[in-house]
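K.L.:
Respectively, the protein sequence lines represent chains A and B.
In terms of the working numbering, the first sequence opens at residue 1 and continues consecutively.
In terms of the working numbering, the second sequence opens at residue 1001 and continues consecutively.
Don't read these hints as lab results, they were simulated from the structure.
By construction, the Cβ of each residue, glycine as well, lies at the ideal position given by its N, Cα and C atoms.
One or more hints might be untrue.
Said to hold, decoys possible - Label pairs and their computed distance ranges (CB to CB):
id, chain 1, residue 1, chain 2, residue 2, range
1, A, Glu64, B, Asp1095, 52 to 58 angstroms
2, B, Asp1095, A, Leu6, 44 to 50 angstroms
3, B, Thr1062, A, Lys41, 29 to 35 angstroms
4, B, Asp1103, A, Lys26, 42 to 48 angstroms
5, B, Asp1084, A, Gly31, 21 to 27 angstroms
6, A, Ile59, B, Glu1100, 45 to 51 angstroms
7, A, Thr39, B, Pro1071, 17 to 23 angstroms
Said to hold, decoys possible - Which stretches of chain A does chain B cover? Using the computed rule of at least three CB atoms under 8 angstroms from a CB of chain B, they are:
id, region
8, 27-36
9, 49-58
10, 68-74
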Amino acid sequence: MSTRKLVDARGSFCPGPLMELIAAMKAAQVGEELEVLSTDKGSAHDIPEWINKVKHEHIETREEEGVWHVVVRKAK
Amino acid sequence: MSNRISVMVISGSRERLQMAAMVASVGAVSGNEVHVFLSMNALTYFVKSVAEEPPVEGPVGTLLAQKKVPPFRELFANAVDLGDAKIYPCSMAMDVLALEQKDLEDFIGEPMGLTKFLDEASTGQVWSF
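Work the whole structure out from these sequences, hints included.
P.N.:
See the structure below:
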């Protein structure tokens, strides 16, 4: 199993985590998984909305000790 | 589905510049065709030699400056780099401020007149700040 690319956007506010994820997505290969870390609750809800809108694959969103982990697979 | 989003920005306040940049960047990276028209006091904050930050309207603007919120210029650059947005300076404001293209941030496109922008904004969503 390939390792996930980590995007550490902790401390940044909306839409910073989304922009950091998208910049990393541009550089990623199709099929690759990325995990964005965010302390911004709004981004934790907004990033999956973006993933679904642009038709990538939302793997999961979970919270661990005040940090949201959103995992996405680049689908195209 | 692709949609056109036209954003007219004339305010030189931090809150309005920030919200305009958020709409432009998130709109552009979500597959929309985004056009931004910068005029009036807003344009002065896209001049390379202007180091001053825009004044705030209220408490949220002060917090924006204190917290790790992505700066509005960076978000407009994201809109262009990550979402192919087009950002046009108003040709009238360029004349009034005696500005040339080279005076503006690198992510700003060629000057545009209001007639052309209104034509571009004739379909889709239109936002103003």
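K.L.:
Does each hint hold? Answer for all of them.
P.N.:
Status of each hint after checking the structure:
{"no.": "1", "hint": "A:Glu64 <-> B:Asp1095: 52 to 58 angstroms", "in the structure": "holds, 55 angstroms"}
{"no.": "2", "hint": "B:Asp1095 <-> A:Leu6: 44 to 50 angstroms", "in the structure": "holds, 48 angstroms"}
{"no.": "3", "hint": "B:Thr1062 <-> A:Lys41: 29 to 35 angstroms", "in the structure": "violated, 21 angstroms"}
{"no.": "4", "hint": "B:Asp1103 <-> A:Lys26: 42 to 48 angstroms", "in the structure": "violated, 29 angstroms"}
{"no.": "5", "hint": "B:Asp1084 <-> A:Gly31: 21 to 27 angstroms", "in the structure": "holds, 24 angstroms"}
{"no.": "6", "hint": "A:Ile59 <-> B:Glu1100: 45 to 51 angstroms", "in the structure": "holds, 49 angstroms"}
{"no.": "7", "hint": "A:Thr39 <-> B:Pro1071: 17 to 23 angstroms", "in the structure": "holds, 18 angstroms"}
{"no.": "8", "hint": "27-36", "in the structure": "violated (count 0)"}
{"no.": "9", "hint": "49-58", "in the structure": "holds (count 3)"}
{"no.": "10", "hint": "68-74", "in the structure": "violated (count 0)"}
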